[in-house]
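Visitor: Protein chains in written order, with the numbering used here: chain F, 1 to 305; chain Z, 1001 to 1068.
No lab work stands behind these hints: they were computed from the structure. For glycine and all other residues, C-beta sits at the position ideal for the given N, C-alpha and C. Treat the hints with caution; some may be incorrect.
What the hints assert, rightly or not - Cross-link-like lysine-lysine pairs, in silico, DSS-like; alpha carbons within 25 Å at most:
no., chain 1, residue 1, chain 2, residue 2
1, F, 248, Z, 1029
2, F, 34, F, 18
3, Z, 1023, F, 248
4, F, 219, Z, 1060
Stated by the list, open to error - A few chain F residues that face chain Z, going by a derived Cβ cut-off under 8 Å, partial list only:
no., residue
5, 12
6, 13
7, 243
As the list claims (entries may be wrong) - These stretches of chain Z come out as covered by chain F in the derived footprint (C-beta under 8 Å, 3 or more residues):
no., stretch
8, 1027 to 1036
9, 1047 to 1059
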Amino acid sequence: MCKYCETQAVIILSSGRKLCKNCFIRYFEKKVFKTIKTFNLIEEGDKIVCAVSGGKDSLTLLYLLNKITSKRRDIELSAMLVDEGIHNYREKTIKDAKEFCKIYEIPLKIYSYKEELGYTLDELLKKTKANPCSICGILRRYTLNKYAKKLQATKLATGHNLDDEAQSILMNQMKHNIEISARLGPITGIIRNIGFIPRIKPLYFMTEKEVSIYSYLKKFISEFTECPNSFDSYRTDIRDILNSLEAKYPGTKNGLVKSFIEMLPILKEKYKFKSSIKSCKVCNEPCSNEICKTCKIIEELKLKL
Amino acid sequence: MQIKIFIERTNKNLDLEIKDTSKVIDLLKSLKIDHTTVLVSRNNELITEDINLNNNDNIKILSVISGG
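Isolated chain Z, as found in the complex:
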């Protein structure tokens, strides 16, 4: 299936082809991102690492790293 991702920290938009049964945690692992360092939202609603992704999802990955 196809999903759209916006990674806030690098200001990158990606179109990704992922497996039909992929969860949020699988997506983060494939992007080499620790789930403890980000918030993930779908349609501006926060979702947890164990949630299944759907075709055509719009996913935002927000970094939680401190600004100092």
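Bound-form chain F, shown alone:
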């Protein structure tokens, strides 16, 4: 039973607190809005582009951003979807995203790997044995940043949740990629640069299960789908380890992310002079080397053709 109103609970939080549908929705929205306020994720005059996939995280984020911005005339909100070209998966989420944006009257732009790079992800993966998530991640970040700039965004909002961040922190820690960890956090980028659109993650402190319950109760999507390429990656192993620890020791992920947040200012300070941003010689997008990772992938895959 709910701790506050004695009706049927829909969740037991990691603190042990039980909440019913209405109390959970209030708790969830309050916590997301607090994250936005505490980390100053949204400012007056912002033009926010929300990256959507049509999945539970991004539609929940878009709904909440719309709830805020529809009351504010000084902030603009639109959505952007990157169609990687993943057969039997992306078609459905694109349909969900289109329907959602139509209902809430949010402008939606769709960009695809096929149009941008000449190949769908499915086609690219046939030409390489590289990890699908690594390739897709690099290409998606590139596409999102490029088109967020074209749309003159001041912020790019993404649906990353507590689970995503806990996984990234642990992966970077175990691979000794501390400099990459310095680029994490509710608002990303240790260096302000004209080429990078700052990224905000309002769902930063919400667990994947909490986001799923919220989107289920709000009826945003009919079913939860998992990317067919996401099996057997390093991230999925880390995800399974964290989930198993969370089941045994509730609050593990929250503790990991909160500890990281306390250390983040030190990491940012340590690496602020080490990272220098250049422009890619091929595409002119910001990168840390002479040629960006996206152009390297494309060049490499073309050679393999």
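With chain F held as given, fit chain Z onto it using these hints.
Guide: Frame of chain F, contents of chain Z only:
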């Protein structure tokens, strides 16, 4: 007692015989599923891990794993 289960991630329907005093958490443990990775519904209403199951329950187990 007897219950019907649908596991969305594997698209499997199961008929299971379980102990009369079984809770949702016991069912998930027997299926080797971490409760943090799923939502469980009975008659399309979400239920928590500590809820007792009843004879002839229709249970849906929905995976919360991200789609990317």
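Visitor: So, for every hint listed, does it hold in this structure?
Guide: Evaluation of the provided hints:
Of the pairs offered as hints, the one joining residue 248 of chain F and residue 1029 of chain Z holds, with about 12 Å between alpha carbons and a cut-off of 25 Å not exceeded. Pair hint residue 34 of chain F plus residue 18 of chain F holds up; C-alpha atoms about 21 Å apart against a cutoff of 25 Å. For the given pair, residue 1023 of chain Z sits about 17 Å from residue 248 of chain F by alpha-carbon distance, which is consistent with the 25 Å threshold. For the suggested pair residue 219 of chain F and residue 1060 of chain Z, the alpha carbons sit about 16 Å apart, so the restraint of at most 25 Å is met.
Using the Cβ-Cβ criterion of 8 Å, the hint placing residue 12 of chain F at the interface with chain Z is satisfied: the shortest such distance is roughly 5 Å. The interface hint given for residue 13 of chain F is violated, since its Cβ lies 10 Å from the closest Cβ of chain Z, which is over the 8 Å cut-off. About 5 Å separates the beta-carbon of residue 243 of chain F from the nearest beta-carbon of chain Z, less than 8 Å, and the hint is met. Counting residues of the stretch 1027 to 1036 of chain Z whose CB falls under 8 Å from any CB of chain F gives 3; the rule of at least 3 is met.
Chain F is given as covering the stretch 1047 to 1059 of chain Z, and this holds because 4 residues of the stretch bring a CB closer than 8 Å to a CB of that chain, at least three being needed.
Comparing the model with each earlier hint shows a violation of hint 6 alone; every other hint is respected.
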